[in-house]
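There are 2 protein chains.
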Amino acid sequence: MRTYFDCIPCAIRQVLDSVRMITDDETVHEQVVRAVLGLWEDIDMRLSPPAIAQQVHRIVRKITGVSDPYREVKDRYNRLALEMYPELKEKVAASPDPVETAIRLAIAGNIIDFGVNATVDEGMVAETISRSLTDPLDLEAVRDFKEAIGQAQDILYLADNAGEIVFDRLLIEQMPVENVTLAVRGAPILNDVLLADAEAVGLTDLVVVIDNGADAPGTILELCSEPFRERFEQADLIISKGQGNFETLNDCDKDIFFLLRPKCAVLARYLNRELGCQIVVRRGGELFASR
Amino acid sequence: MRTYFDCIPCAIRQVLDSVRMITDDETVHEQVVRAVLGLWEDIDMRLSPPAIAQQVHRIVRKITGVSDPYREVKDRYNRLALEMYPELKEKVAASPDPVETAIRLAIAGNIIDFGVNATVDEGMVAETISRSLTDPLDLEAVRDFKEAIGQAQDILYLADNAGEIVFDRLLIEQMPVENVTLAVRGAPILNDVLLADAEAVGLTDLVVVIDNGADAPGTILELCSEPFRERFEQADLIISKGQGNFETLNDCDKDIFFLLRPKCAVLARYLNRELGCQIVVRRGGELFASR
Numbered sequence: 000m001r002t003y004f005d006c007i008p009c010a011i012r013q014v015l016d017s018v019r020m021i022t023d024d025e026t027v028h029e030q031v032v033r034a035v036l037g038l039w040e041d042i043d044m045r046l047s048p049p050a051i052a053q054q055v056h057r058i059v060r061k062i063t064g065v066s067d068p069y070r071e072v073k074d075r076y077n078r079l080a081l082e083m084y085p086e087l088k089e090k091v092a093a094s095p096d097p098v099e100t101a102i103r104l105a106i107a108g109n110i111i112d113f114g115v116n117a118t119v120d121e122g123m124v125a126e127t128i129s130r131s132l133t134d135p136l137d138l139e140a141v142r143d144f145k146e147a148i149g150q151a152q153d154i155l156y157l158a159d160n161a162g163e164i165v166f167d168r169l170l171i172e173q174m175p176v177e178n179v180t181l182a183v184r185g186a187p188i189l190n191d192v193l194l195a196d197a198e199a200v201g202l203t204d205l206v207v208v209i210d211n212g213a214d215a216p217g218t219i220l221e222l223c224s225e226p227f228r229e230r231f232e233q234a235d236l237i238i239s240k241g242q243g244n245f246e247t248l249n250d251c252d253k254d255i256f257f258l259l260r261p262k263c264a265v266l267a268r269y270l271n272r273e274l275g276c277q278i279v280v281r282r283g284g285e286l287f288a289s290r
Numbered sequence: 000m001r002t003y004f005d006c007i008p009c010a011i012r013q014v015l016d017s018v019r020m021i022t023d024d025e026t027v028h029e030q031v032v033r034a035v036l037g038l039w040e041d042i043d044m045r046l047s048p049p050a051i052a053q054q055v056h057r058i059v060r061k062i063t064g065v066s067d068p069y070r071e072v073k074d075r076y077n078r079l080a081l082e083m084y085p086e087l088k089e090k091v092a093a094s095p096d097p098v099e100t101a102i103r104l105a106i107a108g109n110i111i112d113f114g115v116n117a118t119v120d121e122g123m124v125a126e127t128i129s130r131s132l133t134d135p136l137d138l139e140a141v142r143d144f145k146e147a148i149g150q151a152q153d154i155l156y157l158a159d160n161a162g163e164i165v166f167d168r169l170l171i172e173q174m175p176v177e178n179v180t181l182a183v184r185g186a187p188i189l190n191d192v193l194l195a196d197a198e199a200v201g202l203t204d205l206v207v208v209i210d211n212g213a214d215a216p217g218t219i220l221e222l223c224s225e226p227f228r229e230r231f232e233q234a235d236l237i238i239s240k241g242q243g244n245f246e247t248l249n250d251c252d253k254d255i256f257f258l259l260r261p262k263c264a265v266l267a268r269y270l271n272r273e274l275g276c277q278i279v280v281r282r283g284g285e286l287f288a289s290r
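Chains A and B are the protein sequences, given in the same order.
All the letters of the first sequence, read from the start, carry residue numbers 0 to 290 under numbering that gives the first Met the number 0.
All the letters of the second sequence, read from the start, carry residue numbers 0 to 290 under numbering that gives the first Met the number 0.
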């Protein structure tokens, strides 16, 4: 997906959030913001928003020398989600359709995205989880999803954010785990999930976890490592979680299920869906047909 | 008031609103946005937000050739406010304290500001008016205001936006009109008020109306016309309406009453007040003492 003009104010807000997490020094804020404005002035708008975010946050790291400003936020949301995990696991088990319930919760977990909204808090997470169980969901796509995970021999699950991966775990537990590989980002970017997060929430004990070798908040194949790209090619089913993975893979010619909440007006308009709705859609499905 | 980093995303959003009112041609949007990003990259952040907006909208006019994209919006809100006027005038007259009620309504009218929020609609205006009569207001400042307008021989009332000036009219009618001069902008900028708007709502029949000779969404004295500056110097009381006039005059060494609603988080934080509250404050008053 290309970048839209409305992404620009949002991206500048995002970089301000990041640099303020690093330092209170306004001269640093100014240096970063001016460098990012310069980048945007000449940027190729055909790039996806995560591809631009990658360049932007490289500037932040270069100027501040801080590689992972979201480490604390990631730890906090991993812990928060792990505290919720036992109760949610029971909810899934007790549900008449555990896969559907787990999909709902996995999508709800996508609210924990500090790239889109730095004001995420525990109340928002709790409310989103609670609404997710009754909010509309494409049940035909859910049936299709269940069939696909039953048939696939090699499933690659692309995780999105820390904290959120605990909710992904609920869904992965409903899948044939021996067939599932989980992919995380290759280096810190926003609150996106890293190997350390997958370990912290016990996912490395459940499935094979690999990293994609890249520092973008999405999956930009040409920037990922060679081993990851091979793994991606080889998979017969991809499960793509979240907005950044959607924005970078929506034109990719593989069998992909996208699970996400559109959290900004640009993506909601692109998808022709409501902001904050629950989306499960297969690449080539109805949502794509209408485009 | 200087410009803050958070003004940057908002200013880019504002310029997108403007250029989209002018044309659907995305190549023009892109040309404008890139030029504005270039301007911001090197801008002096000690300038006030309206001083930067002035430069930004000059770029819009230069690239698009359109001088007044908000003309239709201004006409619409003048008409809307004029439709409300008879009922509100009765409300003021029937009120136990007509000046206080007129101040409340004049501040409520400040919601009609397409610079801060292009999604203003009639419902928001109606709701703001309705709340304004009971929302908290500094009644000591109101008493002070009444005393000051009784004593002043030469009052200069700096208007802000089209539509809003109908609400200003309710307040001006409570003042000794022979002592009042109303000032409007010198050239089109956002939905700020021009001489044509003052005429359209009958204010030219009530008081002397002058323009300030400038195209900024505020009152930047050094950029105003010589006659306006003389008139400003000569006045013994200034009534400054709205956010843009506040942001450009808050450091000015005159006797000024500021009437406004802070409509963005930056100004609310600067004032240490709630977003969207009603403010009437005299320069040198408590709000300034705490700074």
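Watch out, some of these pointers could steer you wrong.
Chain copies aren't distinguished; within one or between two, either way the pair holds.
As the list claims (entries may be wrong) - In silico lysine to any residue, SDA-like type, Cα no more than 20 angstroms apart, as pairs:
{"no.": "1", "residue 1": "Lys-90", "residue 2": "Met-0"}
{"no.": "2", "residue 1": "Lys-90", "residue 2": "Asn-178"}
{"no.": "3", "residue 1": "Lys-145", "residue 2": "Val-98"}
{"no.": "4", "residue 1": "Lys-88", "residue 2": "Val-141"}
{"no.": "5", "residue 1": "Lys-262", "residue 2": "Arg-12"}
{"no.": "6", "residue 1": "Lys-262", "residue 2": "Ala-34"}
{"no.": "7", "residue 1": "Lys-262", "residue 2": "Gly-275"}
{"no.": "8", "residue 1": "Lys-88", "residue 2": "Glu-172"}
{"no.": "9", "residue 1": "Lys-145", "residue 2": "Asp-67"}
{"no.": "10", "residue 1": "Lys-253", "residue 2": "Gln-173"}
{"no.": "11", "residue 1": "Lys-253", "residue 2": "Glu-99"}
{"no.": "12", "residue 1": "Lys-262", "residue 2": "Asp-153"}
Worth flagging that the hints you see were computed from the coordinates, not collected in a lab.
For each hint, the structure was consulted:
For a Cα distance limit of 20 angstroms, the shortest separation of Lys-90 from Met-0 qualifies neither inside one copy, at 35 angstroms, nor across copies, at 54 angstroms. Proximity of Lys-90 and Asn-178 under a CA criterion of 20 angstroms is satisfied in neither setting, with 24 angstroms inside one chain copy and 73 angstroms between copies. Taking the closest pair of Cα atoms, Lys-145 and Val-98 come within 20 angstroms of each other only inside a single copy of the chain (7 angstroms); across copies the shortest separation is 68 angstroms, beyond that limit. Proximity of Lys-88 to Val-141 under the C-alpha cut-off of 20 angstroms is restricted to the intra-copy arrangement: shortest distance 19 angstroms within a copy versus 59 angstroms between copies.
Taking identical chains as interchangeable, the C-alpha atoms of Lys-262 and Arg-12 lie at most 20 angstroms apart whether they share a chain (15 angstroms) or sit on different chains (18 angstroms). In the homo-oligomer, the alpha carbons of Lys-262 and Ala-34 never lie at most 20 angstroms apart, since the shortest distance is 26 angstroms inside one protomer and 28 angstroms across protomers. In this assembly of identical chains, Lys-262 and Gly-275 lie within 20 angstroms of each other by CA distance solely inside one copy; the values are 5 angstroms within and 25 angstroms between copies. Proximity of Lys-88 and Glu-172 under a CA criterion of 20 angstroms is satisfied intra-copy only: 9 angstroms inside one chain copy versus 67 angstroms between copies.
For the homomeric pair Lys-145 and Asp-67, neither the shortest alpha-carbon distance inside one copy (36 angstroms) nor that between copies (56 angstroms) is at most 20 angstroms. In this assembly of identical chains, the alpha carbons of Lys-253 and Gln-173 never lie at most 20 angstroms apart, being 22 angstroms within a copy and 71 angstroms across copies at closest. In the homo-oligomer, the alpha carbons of Lys-253 and Glu-99 never lie at most 20 angstroms apart, since the shortest distance is 23 angstroms inside one protomer and 67 angstroms across protomers. When the C-alpha separation of Lys-262 and Asp-153 is checked against a cutoff of 20 angstroms, the pair qualifies neither within a copy, at 30 angstroms, nor between copies, at 53 angstroms.
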